[in-house]
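Q: Quick mapping for you: the protein sequence lines, in order, are chains A and W.
The first sequence finishes on residue 174 if you use our numbering, and the numbering steps up by one all the way, no holes.
The second sequence finishes on residue 120 if you use our numbering, and the numbering steps up by one all the way, no holes.
Incorrect hints may have been included.
What the hints assert, rightly or not - Here are the simulated DMTMM-like cross-link-like pairs (lysine to aspartate or glutamate), alpha carbons at most 25 Å apart as the crow flies:
no., chain 1, residue 1, chain 2, residue 2
1, A, 145, W, 13
2, W, 19, A, 105
3, W, 19, W, 95
4, W, 50, A, 105
5, A, 145, W, 94
6, W, 28, W, 94
7, W, 51, A, 146
Think of the hints as simulated: they come from the structure by calculation, not from any bench.
Fair warning: this is a prediction, and the values are worked out from it, not measured in the lab.
Listed here are the chains, written in short residue letters.
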Amino acid sequence: GQNIDQPTEMTATEGAIVQINCTYQTSGFNGLFWYQQHAGEAPTFLSYNVLDGLEEKGRFSSFLSRSKGYSYLLLKELQMKDSASYLCAVWTEYGNKLVFGAGTILRVKS
Amino acid sequence: DTEVTQTPKHLVMGMTNKKSLKCEQHMGHRAMYWYKQKAKKPPELMFVYSYEKLSINESVPSRFSPECPNSSLLNLHLHALQPEDSALYLCASSQGGGQYFGPGTRLTVT
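Isolated chain A, as found in the complex:
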């Protein structure tokens, strides 16, 4: 079966650092994606990890450990506009199919 877990909600302060964790158990693995989604809008691609390690892109970084079935998204220097839902998704071996976690709602407070 396919199972992706991430926290339901998180709250952090403007200017701080927050880490959103994702654990997965899937039939096959071809990479892990993180998306940001603001209310009423489409998901926006943030990162893609297929090998173990840390990928850094500006204020956002994503980490993957395939042996542990674990990833995290790290957001630095939080801004109010970072308040959104963050979706973890695994690319399985079943031809072009992404399996999504339920999403983590991040609230940034001043």
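Following the hints, complete the assembly by docking chain W onto the known chain A.
A: Showing chain W alone in chain A's frame:
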């Protein structure tokens, strides 16, 4: 250019209407997708087209009918929908790493 376009942005239709949603991408991606997303839920895969052929149908009711006229276009034909079909309908495309979403069509069935 990582743009996927969708029309219309909003659609209100009665249960006896026939309408179509349209999606277009010019990134040369050979896989295209339709997702349905309800409020506060992750995107739910409906259909996958790979090289213009339907490769995945996630047991979607026949009142939704996908069509891929060419490698850049994807349509979703709607007929005899139910109020519970009201949702955000997202198109996406991919090639290798990265699945990119269009802005979505907000559908309301009355």
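Q: With reference to the structure, classify each hint as holding or not holding.
A: Cross-check of the supplied hints:
| no. | hint | in the structure |
| --- | --- | --- |
| 1 | 145(A) - 13(W) | holds (22 Å) |
| 2 | 19(W) - 105(A) | holds (11 Å) |
| 3 | 19(W) - 95(W) | holds (16 Å) |
| 4 | 50(W) - 105(A) | holds (12 Å) |
| 5 | 145(A) - 94(W) | violated (31 Å) |
| 6 | 28(W) - 94(W) | holds (16 Å) |
| 7 | 51(W) - 146(A) | holds (19 Å) |
Hint 5 from the list above is the single one not met by this structure.
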